[in-house]
Amino acid sequence: MTDTLIQGRTGPWEIVLGLEVHAQVASRAKLFSGAAVGFGAGPNAQVSTVDAGFPGMLPVLNRFCVEQAVKTGLGLNAQIHRTSRFDRKNYFYPDLPQGYQISQLYHPIVGEGALEVERDDGSTFTVGIERLHLEQDAGKSIHDMDPHSTYVDLNRSGTALMEIVSRPDMRSAEDAAAYVRTLRTLLRALGTCDGDMEKGNLRADVNVSVRRPGEGLGTRCEIKNVNSFRFIMQAIEYEARRQVEILEDGGKITQETRLFDPGRGETRSMRSKEEAHDYRYFPDPDLLPLVLEEAWIEEIRASLPELPAARRRRFAEQYGLTAYDAGVLTAEDERAAYFERAAGGRNAKLVANWTVNDLLGRLSAEDRGIAESPIPPETLGELVGLIEEGTISSKIAKTVFEKLWAGEGSAREVVEREGLVQVSDTGALEAAVDKLIAANPDKAEAVKSKPQAIGWFVGQVMKETGGKANPAVVNALLRARLGID
Amino acid sequence: MTELTALTLTDAVEGLRTKRFSAEEITRAHLEAMEGARTLNAFTVETPDRALEMARASDARIARGEGGPLEGAPLGVKDLFSTEGVETTAGSRILQGFKPPYESTVTANLWRDGAVMLGKLNMDEFAMGSSNETSAWGPVANPWRSRGSNASLTPGGSSGGSASAVAADLCLGATASDTGGSIRQPAAFTGTVGIKPTYGRCSRWGMVAFASSLDQAGPITRSVSDAALMLRSMSGHDPKDSTSLPVETPDFTQFVGRDVRGLRVGVPREYRVDGMPAEIEQLWEQGVAWLRDAGCEIVEVSLPHTRYALPAYYIVAPAEASSNLARYDGMRFGYRAGGGTLTEVYENTRAEGFGDEVKRRILIGTYVLSAGFYDAYYLRALKVRRRIADDFDRAWETCDALLTPSTPTAAFALGDKDADPVTMYLNDVFTVPANLAGLPGISVPAGLDANGLPLGLQLVGRALDEGTLFSLAGALEQAAAFRAKPERWWS
Amino acid sequence: MAVDAETVRRVARLARIAEPEARLDPLAREISGILGWIEQLNEVDVEGVEPMATAVHATQPLREDVVADGGDPARVLGNAPRSDDGFFVVPKVVE
Ligand SMILES: [Mg+2]
Ligand SMILES: [Zn+2]
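Chains as they are written, first to last, in my numbering: chain A, 10 to 494; chain B, 66 to 556; chain C, 315 to 409.
In short, the hints are calculated from the structure, not lab data.
For glycine and all other residues, C-beta sits at the position ideal for the given N, C-alpha and C.
Treat the hints with care, as some may be off.
Unchecked claim - Dumping the calculated DMTMM-like pairs for lysine to aspartate or glutamate here, alpha-carbon to alpha-carbon at most 20 Å:
id, chain 1, residue 1, chain 2, residue 2
1, A, Lys407, A, Glu375
2, B, Lys305, C, Glu378
3, C, Lys406, A, Asp104
4, B, Lys305, C, Asp383
5, C, Lys406, A, Asp153
6, B, Lys164, B, Asp178
7, A, Lys472, A, Glu427
8, C, Lys406, B, Glu409
9, A, Lys407, A, Glu343
10, A, Lys149, C, Asp386
11, A, Lys358, A, Glu343
12, A, Lys149, C, Asp399
13, B, Lys482, B, Glu335
14, A, Lys98, B, Glu152
15, A, Lys149, C, Asp398
16, B, Lys164, C, Asp383
17, B, Lys305, C, Asp379
18, B, Lys482, C, Glu344
19, A, Lys98, A, Glu29
20, A, Lys261, A, Glu231
21, A, Lys472, A, Asp434
22, A, Lys412, A, Glu422
23, B, Lys164, C, Asp386
24, A, Lys98, A, Asp214
25, A, Lys404, A, Asp434
26, A, Lys208, A, Glu172
27, C, Lys406, A, Asp155
28, A, Lys98, A, Asp203
29, A, Lys233, A, Glu29
30, A, Lys477, A, Glu427
31, A, Lys477, A, Glu411
What the hints assert, rightly or not - Here chain B is said to cover these stretches of chain C; the calculated rule only asks that three of the stretch's residues, wherever they fall, bring their Cβ under 8 Å from a Cβ of chain B:
id, segment
32, 361-369
33, 372-383
The shape of chain A in the complex, shown without the other chains:
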């Protein structure tokens, strides 16, 4: 693991990071009620009397949500607890209608596991997973609709969340972001959470502490609900520096919950929640122990798709890709599927180059995903095929790519329609070469003593033929005519 130390006035400090990621389960209905889960509905349009905490209303657990938690647990190579329980976490807040959140403190559904995280440079490290539990989300309080009142929308109230708690195994903001990115990729591959951070469907609580390298853990602060990779990194960097400054000034860190303000790039204490918390957890008497049949767990295990880490290894081995390309191509299910369809029977490395550099580059410039690619995978494969068989040069291929992007037909159609076939016919090229030498006798003479100047002649022929000449053939012809060996 690469340690990124903070250089303080008094020496280096190490950052210690643990994350609690809240991932919204991709279910149709809520964890304990039949109201819809969704984004963008009118206020309180997806709320049942259960979600609103009405008198006499009772929770019944959603099977699909349990299955997603198990699936995610298996994806994290974690222990699946055959028996788990639900507890109540009691506190008052207007967007918490029951006055408690149903969660799993004492007996979570998933226990210890591990996630292999990949950094941008392709290197990897392992983050320990402490637990994964199911819990309800709260509603939404809107503070800016009225100067004297808060408006409450309970649409999100009762939505199923998986809280995934990591060990404090990360040592830099980049690694924390890489962990969340890898986790997100896993959740998306499993289909258990859509990972949409903008909608708040994936958000992280970041526990930050600092210490002198080699010393025991320092006091941590928890930064709540950070919902983008950039904010996670900014929040950590700000918070770590804040703690170092306090410690270097001889102060002490108070364990507290803090909020990241993206506008100012700062974390600040959540003063209203500072009052001594006492959640009075106890087993929810409206629910019974959740017992999972071994057969069901095995059924879920059998249904798991190929996971990103395994796929990354397979891509590197089977297709001979670099770690970087394999990482990029397996970061999303759709990408991997696209690549595999394009690469069928072709030079996979070349297909990977075109996919990563040309296609993904172009898509990301336009903020589009691979599902929205105007070039179907078969077409990109065909393009690579044309290069492989020598029909077009890599240079011409760039031109063809543009036309494919514009939707002008299949690769072969474009090449034929536009007459972009590479000219390897010696007869046609001999004439051009002879004509060129005749028109430039002095240059032809000079090249005999300075063979590297042959490049100029090659360039001229390519220009003459509109780039369609096969450069290898042109080169051979020129050498023969000019008497270079």
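With chain A held as given, fit chains B and C with the ligands onto it using these hints.
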């Protein structure tokens, strides 16, 4: 014709089916009786329009030969059960004006079977109390009075309105609920029959929660057969309640009148508590003699942890209540007080909306769950609860049911036990163990004390074995031949 | 265990119940009395006893992932002390 309001539920249903009288007639008779009995303060809401509408619909079904098992029978509903569009307050000011947009499963089952709703019955606030004095809408009076006295007596609690209305012939039967004795104790105090079935037999969906792991609905009626008839309709698995038992409901009425010869009835040694009035002791012995005469085998059993049931209950119930009642915060329904900040609004709403007993229990519940006390109080109480349940399991090795007094005393005067909460709590000493263990218990009127006040005997059975209880209760009922009625001083 | 006025104040605050200063001492006495009576539970040997949170000998039933509720804001807003534009309106929350 005999007075329609004095019929048993069983006889009334038969009279309706055979068209000796109409649902509208018997409903009107009850509405009149209710009007004349308002001094009892048994009803918090009367729903005459709805009652007549339901009664006419019943008559139409009876005319078509389609009636359900309770067709046309006018019943009262404890205000703990949500009734769609009808104010449901659970006896609390904090729910004043609350009209649920749903119907509780238990009441929906009754209406499905043809019953007619007369109105909502008064109760201790959030079912916390044993005298009905904690109701925000004032105490209910027991129709019974001590011989030669005009003093108002408690009907017991928390289902005091239910018991009082049934005893005073204001309804043929009433829904009730029992968390620590709230069906059986008021039944005993009013000369009525009350059964708390096995935990999970009746759905809790739509019933305002007090202590979720203990709350159980049941009927209060004027006969054992009536209780069986009404409980059969109230019961049934409900997928909306995770703790509802996925079992078939037997026809409980078939068990009443069955031969009880050979059944082993246990008499728990530890229920002979210090200071128990001689009359209660004698009644208990009488009950034993009746069952022996009916052919039961009487065995002495030991339930060594009995004395710890009440203190364990007074941790478990307040703990669950402190959390269950957090939703009454003035934000989405019910009462909202003023205040300068959100916290002040919360605190004032709950200070003004809840009565003293409810607040006391919320504070105790909050305290025993709070950091540092959870293990010492709450967790220990749950372990003691297990010990109590184990005691019963051991008892079932030698007997099929237990016979005990229902209460340690007869009905007491309103205001009598205000001073010390623990004295009031002791009312439930015989009833609480069955709640902790989730077992069925029934109280049957068995006699009158020296002051002419009713006393009850309790039978406790194995989980899901209400059948045996109904058979034994039927035998007790027959032997006791309890026919006394309170004098109608209220109308 | 004896509970003092300060503890009552803290617990009342946790429970969001305004208790006037004058009530704290009487409440502390009452609650101490009740807790004192409850403390007889310490006589019970609970070594190795599994806590009993429910009387039901069954496991948690599961519901299918089907949308069958909600979709009617008026139903949940109908009893609200204040609502506006489809929202519950509550006293200002100060962060
Ligand atoms: Mg957290
Ligand atoms: Zn959480």
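Evaluated hints:
1. A/Lys407 <-> A/Glu375: Within the cut-off at roughly 18 Å; holds.
2. B/Lys305 <-> C/Glu378: holds (12 Å)
3. C/Lys406 <-> A/Asp104: holds (12 Å)
4. B/Lys305 <-> C/Asp383: holds (12 Å)
5. C/Lys406 <-> A/Asp153: holds (10 Å)
6. B/Lys164 <-> B/Asp178: Violated, at roughly 23 Å.
7. A/Lys472 <-> A/Glu427: holds (16 Å)
8. C/Lys406 <-> B/Glu409: holds (11 Å)
9. A/Lys407 <-> A/Glu343: violated (24 Å)
10. A/Lys149 <-> C/Asp386: At roughly 18 Å apart (the allowed maximum being 20 Å), C/Asp386 and A/Lys149 satisfy the hint.
11. A/Lys358 <-> A/Glu343: Judged against 20 Å, a Cα distance of about 18 Å means the pair holds.
12. A/Lys149 <-> C/Asp399: holds (15 Å)
13. B/Lys482 <-> B/Glu335: violated (24 Å)
14. A/Lys98 <-> B/Glu152: Given pair A/Lys98, B/Glu152 is violated - Cα atoms ~30 Å apart, limit 20 Å.
15. A/Lys149 <-> C/Asp398: holds (15 Å)
16. B/Lys164 <-> C/Asp383: Status holds; Cα separation ~19 Å.
17. B/Lys305 <-> C/Asp379: Satisfied, since the Cα-Cα distance of roughly 14 Å is no more than 20 Å.
18. B/Lys482 <-> C/Glu344: holds (14 Å)
19. A/Lys98 <-> A/Glu29: holds (17 Å)
20. A/Lys261 <-> A/Glu231: Within the cut-off at roughly 16 Å; holds.
21. A/Lys472 <-> A/Asp434: This hinted pair holds, its Cα atoms lying about 16 Å apart.
22. A/Lys412 <-> A/Glu422: Since the Cα atoms of A/Lys412 and A/Glu422 sit roughly 10 Å apart, the hinted pair holds (cutoff 20 Å).
23. B/Lys164 <-> C/Asp386: Holds: B/Lys164 and C/Asp386 sit about 16 Å apart, inside 20 Å.
24. A/Lys98 <-> A/Asp214: Roughly 17 Å between the alpha carbons, so the hint for A/Lys98 and A/Asp214 holds.
25. A/Lys404 <-> A/Asp434: Satisfied, since the Cα-Cα distance of roughly 19 Å is no more than 20 Å.
26. A/Lys208 <-> A/Glu172: holds (17 Å)
27. C/Lys406 <-> A/Asp155: holds (9 Å)
28. A/Lys98 <-> A/Asp203: Given pair A/Lys98, A/Asp203 is violated - Cα atoms ~26 Å apart, limit 20 Å.
29. A/Lys233 <-> A/Glu29: Holds. A/Lys233 to A/Glu29 sits at ~9 Å (cutoff 20 Å).
30. A/Lys477 <-> A/Glu427: holds (11 Å)
31. A/Lys477 <-> A/Glu411: holds (16 Å)
32. 361-369: holds (count 7)
33. 372-383: Coverage by chain B holds here, the residue count being 4 at a Cβ distance below 8 Å.
The structure is inconsistent with the numbered hints 6, 9, 13, 14, 28, although it conforms to all the rest.
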